[in-house]
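Dock chain Z against the given chain G, drawing on the hints supplied.
2 protein chains.
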Amino acid sequence: MNYITGYYTTKFGEIWEKSLFDLVKEAITGVLKQTNLTNKQIDAVFFGNMLAGVLENNLHSPSKISEILKVNIPIFRAEAACASGGAAFNLAKNYLDANRNKNVLVIGAEKMTDYSPEEAITGLSAAASGEEQEAGLTFSGLYAMIANYYLEKYSYSEKNLAYVSVKNHFHGSLNDKAQFRRKITVEDVLKSAYVAYPLKVLDSSPISDGASAVIMTNNPDWVKKQKYKAAVLASEVATDTISLKERKNIDEILATKIAANNAFKNAKIDRTDINVAEVHDCFSIAEILAMEDLGFWKKGEGGENIIEQPTMFGNGGNLIVNTSGGLKAAGHPVGATGIKQIGEIFLQLTGQAEKRQVKNVKYGLAHNVGGSGGTAVVTILGI
Amino acid sequence: MNYITGYYTTKFGEIWEKSLFDLVKEAITGVLKQTNLTNKQIDAVFFGNMLAGVLENNLHSPSKISEILKVNIPIFRAEAACASGGAAFNLAKNYLDANRNKNVLVIGAEKMTDYSPEEAITGLSAAASGEEQEAGLTFSGLYAMIANYYLEKYSYSEKNLAYVSVKNHFHGSLNDKAQFRRKITVEDVLKSAYVAYPLKVLDSSPISDGASAVIMTNNPDWVKKQKYKAAVLASEVATDTISLKERKNIDEILATKIAANNAFKNAKIDRTDINVAEVHDCFSIAEILAMEDLGFWKKGEGGENIIEQPTMFGNGGNLIVNTSGGLKAAGHPVGATGIKQIGEIFLQLTGQAEKRQVKNVKYGLAHNVGGSGGTAVVTILGI
Chain G
77 MNYITGYYTT KFGEIWEKSL FDLVKEAITG VLKQTNLTNK QIDAVFFGNM
127 LAGVLENNLH SPSKISEILK VNIPIFRAEA ACASGGAAFN LAKNYLDANR
177 NKNVLVIGAE KMTDYSPEEA ITGLSAAASG EEQEAGLTFS GLYAMIANYY
227 LEKYSYSEKN LAYVSVKNHF HGSLNDKAQF RRKITVEDVL KSAYVAYPLK
277 VLDSSPISDG ASAVIMTNNP DWVKKQKYKA AVLASEVATD TISLKERKNI
327 DEILATKIAA NNAFKNAKID RTDINVAEVH DCFSIAEILA MEDLGFWKKG
377 EGGENIIEQP TMFGNGGNLI VNTSGGLKAA GHPVGATGIK QIGEIFLQLT
427 GQAEKRQVKN VKYGLAHNVG GSGGTAVVTI LGI
Chain Z
77 MNYITGYYTT KFGEIWEKSL FDLVKEAITG VLKQTNLTNK QIDAVFFGNM
127 LAGVLENNLH SPSKISEILK VNIPIFRAEA ACASGGAAFN LAKNYLDANR
177 NKNVLVIGAE KMTDYSPEEA ITGLSAAASG EEQEAGLTFS GLYAMIANYY
227 LEKYSYSEKN LAYVSVKNHF HGSLNDKAQF RRKITVEDVL KSAYVAYPLK
277 VLDSSPISDG ASAVIMTNNP DWVKKQKYKA AVLASEVATD TISLKERKNI
327 DEILATKIAA NNAFKNAKID RTDINVAEVH DCFSIAEILA MEDLGFWKKG
377 EGGENIIEQP TMFGNGGNLI VNTSGGLKAA GHPVGATGIK QIGEIFLQLT
427 GQAEKRQVKN VKYGLAHNVG GSGGTAVVTI LGI
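So the sequence lines, in the order shown, correspond to chains G and Z.
Sequential numbering of the first sequence, starting at 77, is according to the working numbering.
Sequential numbering of the second sequence, starting at 77, is according to the working numbering.
These aren't lab readings, by the way, just hints derived from the structure by calculation.
Remember, it's a predicted structure, so these values are computed and weren't measured experimentally.
You can take every hint at face value.
It does not matter which identical chain is used: a pair holds within one copy or between any two.
Derived DSS-like pairs: lysine-lysine, alpha-carbon spacing no greater than 27 Å straight-line:
id, residue 1, residue 2
1, 435, 303
2, 344, 178
3, 341, 435
4, 178, 341
5, 431, 109
6, 344, 333
7, 321, 94
8, 178, 438
The following block holds chain G by itself, in its conformation from the complex (with noise of 0.2 Å):
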């Protein structure tokens, strides 16, 4: 069995004084502190980045890293879009599944507020089609087709996805390495600009800095002297078209429910045993589909289960979802958000979630997306 047996996060946000690897170093200083574990004890490194090599003409991350922790040992890069994190602990969980005794050292990072938006959003967009891209459609616009597919085939409004905003910016406001600690009402939400119809702004995460590192391993014996300790139940990765236009429905994620189903039936538990998850919310829509597309909920009727608020922390829910603000408020820089999510969770199953920790959690989720939907990480962990 793999454990999680630490994690740091950088804040995230605009963090103009930081370099991406000066948001990596402090992060890998932060988690081996934590873990009380030297640079010589990591055998394996992990790394989710998407987008250094189109912003600062940036490669060959694992080389800087080895450089950062003055070791030679095996160093990897994963690409996913903004499933760049959740795909570099997969690999890290088959290196641990294929090799005993090691701990791995598992990052994922963004540096994007050094760059205009117009820059950023051009790097994001590398995530699309050539077709899509050459079309103009950025993220929010494929997530907008979504969404107007979704509203108007189960009879929702606007004001339906504002809800998911209003959730994530109020556990925001209780995690003080969120980006937006602020809390936001349904009309704030609805009041906001348009980004492309029916999206606002404050139905969309924003463009983030921030790195986020766990500890993993498999070595039994040093797990047992560990104060703060996750078992790694599940890890699934699948993927799907690029395009939009390839898939047969659009309001759902395929991706996410091959991931889904493969993570619950390796983690041999149901869906009704998780009580924290972290689901990939870029745009409100998106958490309305993963929440459906993850089996938590029937397809179409999230529209209306948000309403009530079930997933809000500190009203009774079973299950509370985006304890960190999600990708909305906690910040969502790209390759570090799957490494966040898993971290979360980390915390909340560990006792250590302060002011946002949910009582009695004994499993917990991270779902993490790349694109439209093209790639999937579904990740469960327990205690």
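For chain Z alone, coordinates are given in the frame of chain G:
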């Protein structure tokens, strides 16, 4: 045990009529046909690519490959500069070691000739440190510094390096997938224009397009039925500083030494057991260092040893090197190189190397380097 059971490569060169994913599709179709596998029999895909993000704003390739292959399985992209192919192969091996009875498809590809040499060189420099980029150091410049140091330290001249290119062009003349099919002489090399003193055009690998793919499997029943198979005895990755100035010695590639030592230890064979090797000759000096750092030749003796061409096909040596033509003559579509090297060893081990078939091949080695030595991957195959 993991086995390679099939290999396909596109021609390498200036392939203006095909896009990156046209090349990927050709490689996938080719290797599936050779192994009589359908898309549904592939359990995971690992893709090595360096420059698509930088050159053509093309990321999230796992999802694009899902669309091409019409599957929803785990697909990953690895990037480690010029070692992206080798890194993808190593991750694929981890996947097999972690999961029983699986078939994986490993692809490497690069599309470079649609862009100006300046664009390609700027993209390639993304594999160097930020300081090196700011100083205007291209990879020709970095390897020129290494070459000057080596030639001075061991009292060699540019002529010693020239033999590497002469050998590899001769081998390229025997490989109909190679970018350059023309034999050259030592005089041709010495007369060619300087790129970065002491390295000249004919010391340097070209800018190329191409895609290569192998099938690797750990399904023993299926392996038994295969006509062609080679066992993967070891695949090891090591890293080092991205900056040349942070290295203790610049006349050796430490990552190569570490990866090779680990690989020979795991494969349980000696250096003298290797009959064929593909080594990373991005520049002539790189093959000399590789032969020394892999442990085939003593440090400092490579410049002398190469003169008699003991590693040239047809000269009766025990170890023939870069029968594909190497990066120099076969071409260097960056992400494809690490897979082509492994594929060439597979062809030699299974008697499919046609005009360049070495006799009585039992063991072969592939050696893939990223940047100026920040990543090295060493793979050993046997029959």
